[in-house]
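Asks: So the protein sequences, as listed, match chains A and B.
Position 393 of the first sequence, counted from 1, bears residue number 393 in my numbering, the numbering being contiguous throughout.
Numbers in my numbering are just positions in the second sequence, counted from 1, shifted up by 1000.
Do not rely on the hints blindly, as some may be mistaken.
Calculated cross-link-like contacts (lysine-lysine; reagent style DSSO-like; alpha-carbon spacing at most 30 Å) [said to hold, decoys possible]:
#	chain 1	residue 1	chain 2	residue 2
1	A	K380	B	K1142
2	B	K1195	A	K444
3	B	K1142	A	K337
4	A	K347	B	K1055
5	A	K340	B	K1142
6	A	K340	B	K1127
7	A	K289	B	K1127
No lab work stands behind these hints, which were simulated from the structure alone.
If you want the building blocks of each chain, they are given just below.
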Amino acid sequence: MTLPLRLLYVAVLQVILTSFITYFLITDEYRDLSEKNVVILENFLIEQKKQALKNYTSIALTSVNQAYDSPKKNSHQTAQEVVADTFNGLVYNGDDGYFFIYDELGNSIVHPKEPYRVGKNWWQLEDSNGEKIIQLLIKNAKNGGDFYRYNWLKPSEGQKVQKISYSIYMDKWDWMLGTGVYLDDVYQQLSNLQAQMDTHINYTKHIILIVAMSSIFFIFLFGIMVNLSHKKKADAKISELSQRVIDVQEEESRHISRELHDGITQILISIKYSLEATGLYLTKNQQEKPVTLKSAQENLAVAIQEVRRISHHMHPQILDELGLSEAIESIASDFSKRTKVPVQVNKPALRKLLPDFINTTLFRIVQEALTNIQKHAKAKSVLIALSVESDWLTLIIQDDGVGFDIARTQSKGIGLRNLAERVEHHRGKFTIKSSKMGTIITVKIPTASFVNHFNESTIHSDKNDNNNER
Amino acid sequence: MENNNLDNQETQISVLLVDDHPMVQGGLTACLAFYDDINIVGTCNDGADALSKAKALKPDVILMDVSMPNMNGIDATEIITEQCPDVQILIFSMHDSQEFVSSAIQAGASGYVLKDTSSEEVYYAIKAIAKGNTHFSSSIAKMLIENPIKPESEKLTTREQVILSYVARGLSSKEVARTLNISFRTVDAHRRNIKAKLNIESLAEMVRYAVNHGLIEE
């Protein structure tokens, strides 16, 4: 039982360890991966935006090409107005995509969303980090066009968010043309993604947890089942073994008892007759019996009685010679003599129906019950009934005593519990009911357990006798 | 001493000794040899052998042990008294409980002496039952007076049980008689006794009784 239990612990430990490692490894790996993914996506999205800005700018420039490139037709001023007008009207991405134009000194020329800026100088305009926004945009433009990130008012939101702007330089007029996109939706998208990934990680975590828990649960369940079946098997083995032990004990006592009765006692008896013959011989020759011979005879008689007593105590021969009901009658009358409690014995008309093992078990039950009655019951009368009816042999031992605590008496280890087990071992039933009104022990053995036993034992030997005669 | 009948073979009592222990046989023979009116005509050491010896030797008295291999003395007593009604049987045993005594009496024994009584008493017991009286060891007699044997009218003897078993298995009285090597009339007498004891009338009831009690298989 210890080995499977240890295996169980090892298995559970392994599951816990594995889940622990998997849990942290996967979580870590996932987070790492998702962060990388987010960065890549961010770069990609921003790159896309940048590309779009460039495209918008070049498209926008194309649309003003005519006015910008052919100043001959109109005056310089007119051309600039046309271009400024065009840019003022170029709006994309809803409200948030627009073009702005500053001259090289930072004077705002076009700003469709914040018209109050137009005509004013914004050279010194700084953002919260102290960067001169317009100066940097102009510088990028003069360097051939580049991108710049800063915080600016988003028209659709009405508040400052991060914006990336592309600016180029219109050399002919010393204008800086810029346009930008707001990055808040990119970051929104990215954080959504991050959240999704986190959800996914959590989900995976939960799965690992559930798998681990259910593994542990199943391992325990399996372990418990294995243990239970082991225990069941072990119990059955123990019961089987204890029955074997009792069998062996009974057989041993029967054997020793027989040895004593048929061996030692008979030898003692023969010695007794030899001593008597000696006495008779002396008497015949008119000699007196010596005192030593007399005392030898007396001591021998004591020895014979003693051996008989031991033999009877180990195994009553009456059980083998006359059968169960006579044996019960015998101990019942011994009991009555000893205790002055009358015992009524009802027995069937037939005898020697039972094989030895049932005989012995039932006899021991009666013996044990009478011992209990003598010790605890304070009974006024006892009834022992043995009968065979409708497929069952029934033995009832009933007293009118004070009853006893079954559990307590049984735990004293004497026979009743063992005997009950023994009865069940022989496919029988054992019940004991004890109350203040007395105790009833009922034992039932199916007739199938002993059917034909009488024929096999008695008639078989009878036939042999007849064969001998012929 | 009992020497006055030495020459009178007619009054000498022939005895068959049945005991599975040769040393007991020897000891008892040695003792009884001092009594000239006792003639030990044979010995044997089990119940089955006793029956054939009883038939062959026709002793006046059989001194019968109880615990023996093959067939015990009580069952042998029943069969011998059934087949040799002239033989008187004296049980000679270590067993002193009433159940043995009553079973022996039911089986047809005329007396019961314990093995630890003196050979003198055995001698008187043999003499008594040879005359057709009964004899019991003093302790047995005391027991019988204190607890008179209940008439075991309802309980079958081993022999009756054997016959019930055969009859219930469908053997006719004739077949039973042949199997057990006894007369047809004896079987019939047994059958009547069985019916009376079990308080039943018909053959069918006998069969049912035997089956119900696990005596035979259905």
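Asks: Does each hint fit the structure? Answer for all of them.
Replies: Results for each hint:
The straight-line distance between the Cα atoms of K380 (chain A) and K1142 (chain B) is roughly 26 Å, inside the 30 Å bound, and the hint therefore holds. Between K1195 (chain B) and K444 (chain A) the CA atoms are separated by roughly 27 Å; this keeps the pair inside 30 Å, and the hint holds. Between K1142 (chain B) and K337 (chain A) the CA atoms are separated by roughly 14 Å; this keeps the pair inside 30 Å, and the hint holds. Taken as a hint, the K347 (chain A) and K1055 (chain B) pair is broken in the structure, with Cα atoms around 35 Å apart against an allowance of 30 Å.
For a cut-off of 30 Å, the pair hint linking K340 (chain A) to K1142 (chain B) stands: about 19 Å separates their Cα positions. A C-alpha spacing of about 39 Å is found between K340 (chain A) and K1127 (chain B), which places the hinted pair above 30 Å, so the restraint is violated. A hinted pair counts as satisfied when its Cα atoms are at most 30 Å apart, and K289 (chain A) with K1127 (chain B) qualifies at roughly 25 Å.
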